[in-house]
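Chains as they are written, first to last, in my numbering: chain A, 1327 to 1636; chain B, 1327 to 1636; chain C, 1327 to 1636; chain D, 1327 to 1636.
I should point out that these hints are in silico values taken from the structure, not numbers from a laboratory.
All figures in this text were calculated on a predicted structure; none of them were measured in a lab.
Check each hint, because a few of them may be wrong.
Heads up, incomplete: computed chain D residues facing chain A, CB under 8 angstroms, no partners named [said to hold, decoys possible]:
| id | residue |
| --- | --- |
| 1 | ASN1357 |
| 2 | VAL1393 |
| 3 | PRO1394 |
| 4 | TYR1458 |
Pairs of lysine to any residue, SDA-like flavour, derived with a Cα cap of 25 angstroms [said to hold, decoys possible]:
| id | chain 1 | residue 1 | chain 2 | residue 2 |
| --- | --- | --- | --- | --- |
| 5 | B | LYS1386 | D | GLY1413 |
| 6 | A | LYS1412 | B | LEU1573 |
| 7 | D | LYS1468 | D | VAL1455 |
| 8 | B | LYS1335 | B | GLU1572 |
| 9 | B | LYS1468 | B | TRP1347 |
| 10 | D | LYS1386 | B | VAL1510 |
| 11 | A | LYS1386 | C | ARG1416 |
| 12 | C | LYS1412 | D | THR1390 |
| 13 | B | LYS1412 | A | LYS1386 |
The beta-carbon is built from N, C-alpha and C at its ideal position, and this holds for glycine as well.
There are 4 protein chains.
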Amino acid sequence: MPELPVEVKELAARVRNWGRWGPDDELGTLNLIDAAAVLRGAAEIRTGRRLALGIPLDEKGPQTGVVPGRINPLRTMLMINHPYLKGDRRNFCNSDDSVTMGLQAGTHWDALAHVSYDGRIWNGYPADVVDYRGARRCGIEKVRTLVSRGVLLDVARARGVERLPGGSAVTAEDLDAAAELGRVRIEPGDVVFVRTGQMQLLRAGDRSGYVAPAPGPSLRTVEWLHRHDVAAVATDSFTGEVFPAELPDTYLPIHLLHLVEMGLTQGQNFDLEALAADCAEDGRYAFFVDATPLPFTRAVASPVNPVAIK
Amino acid sequence: MPELPVEVKELAARVRNWGRWGPDDELGTLNLIDAAAVLRGAAEIRTGRRLALGIPLDEKGPQTGVVPGRINPLRTMLMINHPYLKGDRRNFCNSDDSVTMGLQAGTHWDALAHVSYDGRIWNGYPADVVDYRGARRCGIEKVRTLVSRGVLLDVARARGVERLPGGSAVTAEDLDAAAELGRVRIEPGDVVFVRTGQMQLLRAGDRSGYVAPAPGPSLRTVEWLHRHDVAAVATDSFTGEVFPAELPDTYLPIHLLHLVEMGLTQGQNFDLEALAADCAEDGRYAFFVDATPLPFTRAVASPVNPVAIK
Amino acid sequence: MPELPVEVKELAARVRNWGRWGPDDELGTLNLIDAAAVLRGAAEIRTGRRLALGIPLDEKGPQTGVVPGRINPLRTMLMINHPYLKGDRRNFCNSDDSVTMGLQAGTHWDALAHVSYDGRIWNGYPADVVDYRGARRCGIEKVRTLVSRGVLLDVARARGVERLPGGSAVTAEDLDAAAELGRVRIEPGDVVFVRTGQMQLLRAGDRSGYVAPAPGPSLRTVEWLHRHDVAAVATDSFTGEVFPAELPDTYLPIHLLHLVEMGLTQGQNFDLEALAADCAEDGRYAFFVDATPLPFTRAVASPVNPVAIK
Amino acid sequence: MPELPVEVKELAARVRNWGRWGPDDELGTLNLIDAAAVLRGAAEIRTGRRLALGIPLDEKGPQTGVVPGRINPLRTMLMINHPYLKGDRRNFCNSDDSVTMGLQAGTHWDALAHVSYDGRIWNGYPADVVDYRGARRCGIEKVRTLVSRGVLLDVARARGVERLPGGSAVTAEDLDAAAELGRVRIEPGDVVFVRTGQMQLLRAGDRSGYVAPAPGPSLRTVEWLHRHDVAAVATDSFTGEVFPAELPDTYLPIHLLHLVEMGLTQGQNFDLEALAADCAEDGRYAFFVDATPLPFTRAVASPVNPVAIK
């Protein structure tokens, strides 16, 4: 009986945003990013400091084969100093490269079309809007820009640990504590970055440990994110939520609640370590953020190199 | 005798920045982006309007095979609503995708390692720092962030045309006229977007016409960009410079002058049409820009979806 | 009304082999290859001459983008003389390469799962046995070996032309004339190679001309192949059948009749030019053939380099 | 001092075939396959039984990442029952697939250009005939056909074990014993299959155990293969030779001796289990073999699905 447990279904009903932005909406909570949110973000730019949050895109990425076919970037050279004019290297020589990779191989946003259950994706669209051609609805290219105020919720620091233990569920109280630590109030349209410290494992080369078990957002944070009208949420882990899941007969249920029910764009494998150090140092946990995905047509995800600017 | 003509060599000597940021520099003119440039850019954010400049990443991209192996994005589905729990579609179903593409297939930045001549890349590094593993020096991952003030130089509009004709060389006077049109003064560290209108051809589906012949920056703009200490320059064409080239025995000579001599990061296939319309409407040709590349390790280029924010 | 025309449906009913080899069959006419067929083929080996029929696998292949995503082989180097022991090139150095390609990019066999109509593939299996994972039924890996007697039917030569004109339908009479020219009698289990000369266009670099219009097997050869219990049929063209099709409201109808109805494995892009010259010279149009596909699991096609041995 | 040890260099000098087939040769010992060898092979076809030796090409292949970039086949669907005529599924629907893979991912032949040392590949060609474009000399496409008599040397059975232990060096005496067991005399131009049983590990899903440590040909078999004028040699292991190597300061030295010195084409990951069972049953260890590679232009290897026919 692997149907979703009743408590998850009840939670789903409480956070469901279907129809909130009309029957044709494909953006979900990204609609909450308005000019005010962008200006609120811009107001956080004070020193000109910039921090990129993307992990290196190479074969040392977090993919271990656990998701079949989702491979780490395989980049190869197409040309190496190829001389174009009669083979003369004293003139124009070109180097060019190519890549094959899972769109979720590294730091990425899930498109709202990424997951489904009960035959539905976000806003109630039938799941078969995704076929071999990709996502006819809610593909990542519909997110034209993703720019707003960003807020780091450093849950690890708020709990007083370097890194949450694998399998540890982040709770609403954790998020409140982290917001308090950062002396920041979440406002509608903010992009929230939840730090667990799990990225330290990947940085140390422990790919398997990084993948699972993992700490992360849980059934106990979904309503919090809903209530605060967060525009998007990103984590520093592979699964983007506590793993293994809290309840039997669930598998990545937060994905379903965020993407399908709330229309909440979510991201994984964000490296929040340097950002966290920076925020701890200057005491400022809000910043301007641009995390606009690449416009892959009909894609169910996109790599991204988000930048926090303070 | 396809050696570079003497006038190009003399121009090269005049704009050469080798050593300007030390013998170990791998950033070139991106060093000109300091906190002041970022803050100057941030000051341009007034309405919260955002415009993405990346072209769609799909099989309709501009690659025609003219650069062997540089293919348009080939995105395929790895999973389509794959049910994870005992095949039950009432629970978690996953869609995942994968891509193979040339890193210069769409809107992209060239890394400083992208081209060489006379056995040298930027800063005088030997060209063989690029090998089958990629660029040991000046790979795109060295550009950690690319955030600054952006300026649109709408040359087409300044010339009073919809689109410059193919093969038309943009001149220093064109850039001055466009700056005057935009009532903007270029400052050190600015990122400059040169619009020719060539992108209209690609948008109309004329891939071959888009590729060549092309208008663009020329031998007559190199010193201008050097004198103004531009941090990076992007164009709305395939070649990024006038094509065919102005002189015999040259092939993409501006690439050599920008990348090898000046260390000037340059980008191609930027869609500046909507941005140009917006600037014409509000009369503001300066904006905040984030065009941070993806951190592909040792890559000689990266796709990017730049965002202009006003 | 793009339903199949009634005459095609009637033809389909006449050649349908569903159930002939049981309800679980996934091989179709390849079942006709028994030990006798192999021995009959082996008996044709008399001089030890070998001719490979595969076209070069590289970027000059026949793919023009007409089938979206089916790209010519993109082969890139992973390593080039990489020294494994402390970087010392006096010891082991390795070169390695990688490829991305459509499985039907070059010379290939279609798996029986390659096409469907009316919701059915070969033997009446529902078309949805093919999903994002590939072909659960009738994938190319089910063809464990493809070895038999081969027969060249040189239709071009029988008609006295170098090459059939584009769009020319091969008929049953053509096949009879070619068999007579070759003084060969088709026997059950033979693999038949139908030469039109179209490959000359590809060899001359005329990719578009090669693709279409094309001569080839037609509605008028289907019953002939059925009556003679041919095990597999291969052609020297892109489409494998006359193109454009003979009737309105049809598109590659021979594919449907061969693959879906007869369960007849078919191949395209076979280079029969050298073989034809050889057969013309020695007057022997029958030979031993091994054209075993690569065992790609669940694939709907496989590249192959068939070898004729005389 | 990772130069090759002196005993390996002396062995190299004894087996070196450089110049034996002229200064322009790119085939090495494959030159030994003449018409007589093919006819000798054909004479072994008596029952019409066929056995394919290729391992399945899918994500469960033997690649573990130990050779960076050499990935198991990643096959994805380009189309799934795509209706071509006005979207009507009652008519032609197409399924198509694509693959990305290391050319040595599964059962494959190494091209003679695959490895080098001291700046040389086979026949003394400079190693830099391999560059980003592939192998200008000795690419796999130069092997037009690979058809001959095949002989199974079942070393495991001759030693009376199911499988040789990892790291066990096969010796000349092993090969003699296996030939005696098979009552077969090696003749010039034969293709030899050396069975260790190592493939059992891969079949059981033990990928890492399969890769290393591995039994296989060693410094003690090189002269044997040279003396018998073997045309090509294939093994049922990942490395194709005993691993780790027998001497310090060596890494895959048999590769160097076979490919560089002898010009002996060698193959790995051949599944010899069913063939061995068959040979044990009928007592016949010689057969006809076609193991013609795919004609990848300038490639340093090719996948192959070899077929033994008895």
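Hint check, failures only:
Violated hints: 1, 2, 10, 11 and 13; rest satisfied.
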